[in-house]
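Participant: Please model the entire structure based on the sequences and the hints provided.
Here the protein sequences come in this chain order: A and B.
Residue 27 in my numbering is what sits at position 38 of the first sequence, and the numbering runs on without skipping anything.
Residue 111 in my numbering is what sits at position 71 of the second sequence, and the numbering runs on without skipping anything.
Just so you know, these hints were derived from the structure itself, not from any lab.
Any given hint could be a false lead.
Computed list of lysine to aspartate or glutamate pairs in DMTMM-like fashion (alpha-carbon distance at most 20 Å, straight line) [as the list claims (entries may be wrong)]:
no.	chain 1	residue 1	chain 2	residue 2
1	B	K70	A	D73
2	A	K14	B	D128
3	A	K61	B	D128
4	A	K43	B	E139
Taking CB as the label site, the calculated pair distances span [stated by the list, open to error]:
no.	chain 1	residue 1	chain 2	residue 2	range
5	B	S94	A	A116	37 to 47 Å
6	B	A47	A	V5	15 to 25 Å
7	B	T49	A	D3	15 to 25 Å
8	A	Q42	B	S174	36 to 46 Å
Using N, Cα and C, we set each Cβ at its ideal position, and we do this for glycine too.
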Amino acid sequence: MATTTASITIASSDLVPGMAMNYYKTSTLTKAGTSTGLENIQSGTVEYNAASQKALFDQSALTTQFGTIADKANKVYVKNLSTDATEYFTIEINSVELGRLYAQDWMFIPWGAEDANADVQVTPSVATSMKLEFILLHE
Amino acid sequence: MATTTAAFTLSSSDIAPSPVSKSTTATLTKAGTTTGLEQCDGMSRRILLTSETSIMDLISAQAAGATGGAYTVDKANKVYICNSSTSDVDFVLITMYGEPIGRLYAGDWMFFPWGPGHATNSDIRITAASQTSSVIIDYMIIGQRNEA
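Facilitator: Put into structure tokens, the structure is as follows:
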């Protein structure tokens, strides 16, 4: 059993004047409904040269490769590596938008991968070499 | 202009042949700019009783009602949600626009951009359908609402 932790710190001294913010949370990443750690990881960097929707994580392909991932405690990390503040990736699951990941922004979410349509999809805002990095942790 | 940062660290000594260590920090800015986000709905807590098993709104895109106060335009809002419960078996299903995003188990947290692309239907909803004890959900929004 692997032990993997994910931590976040959200900090600001001036978002609310006079009330400095410094939230910290760490989580040990476990399989669904257990205290057993997640055991699979995939990571990498992808470059896109077309502003069209692409599957970053294909639910069906992952299921074929690793077995059932639906309704599990999978985790997804994505970071937009662009340094142009205007460039963003639109992040969707089954074509339902979560939001726009602007330059240097990152996200970390649980991915239920509920069915074959529940791909994690990304759409670059421009067609000129946008890059992201990703990590998928799953059972 | 406020300066707010969100730092992420992932660490494991044994999930891969070599130790995994990833750290990054983002300065949270308004959409398409280098200007810091200036609005927040600060850390809040909601406790769901074991009897509260139906799907319900956690964060409403229309909450403020006014044009400038709602979250109905695709901006660079950020949402943090944490299941602060302690029972391993309990989870909360996070959904948007009827689409399941994922299950947030006890101790798990999520942080993501929230760009309500579906206007009135982009509420962030939660379902604790089978919890064995009360579920504690902590959440926060840092964003820009419908600023011009």
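Participant: Next, verify each hint and record whether it holds.
Facilitator: Here is how each hint holds up against the structure:
Proximity of B/K70 to A/D73 is assessed by CA-CA distance (about 13 Å); at most 20 Å being required, the pair is judged to hold. At most 20 Å may separate the alpha-carbon atoms for a hinted pair to count; A/K14 and B/D128 meet this at roughly 17 Å. At most 20 Å may separate the alpha-carbon atoms for a hinted pair to count; A/K61 and B/D128 meet this at roughly 13 Å. Among the hinted pairs, A/K43 with B/E139 is consistent with the structure: their alpha-carbon atoms are about 18 Å apart, no more than 20 Å.
Between B/S94 and A/A116 the C-beta distance comes to about 44 Å, which sits within the given range of 37 to 47 Å. Between B/A47 and A/V5 the Cβ separation comes to about 19 Å, which falls inside the hinted range of 15 to 25 Å. At roughly 24 Å, the beta carbons of B/T49 and A/D3 sit within the given window of 15 to 25 Å. The given range of 36 to 46 Å is respected by A/Q42 and B/S174, whose C-beta atoms sit roughly 40 Å from each other.
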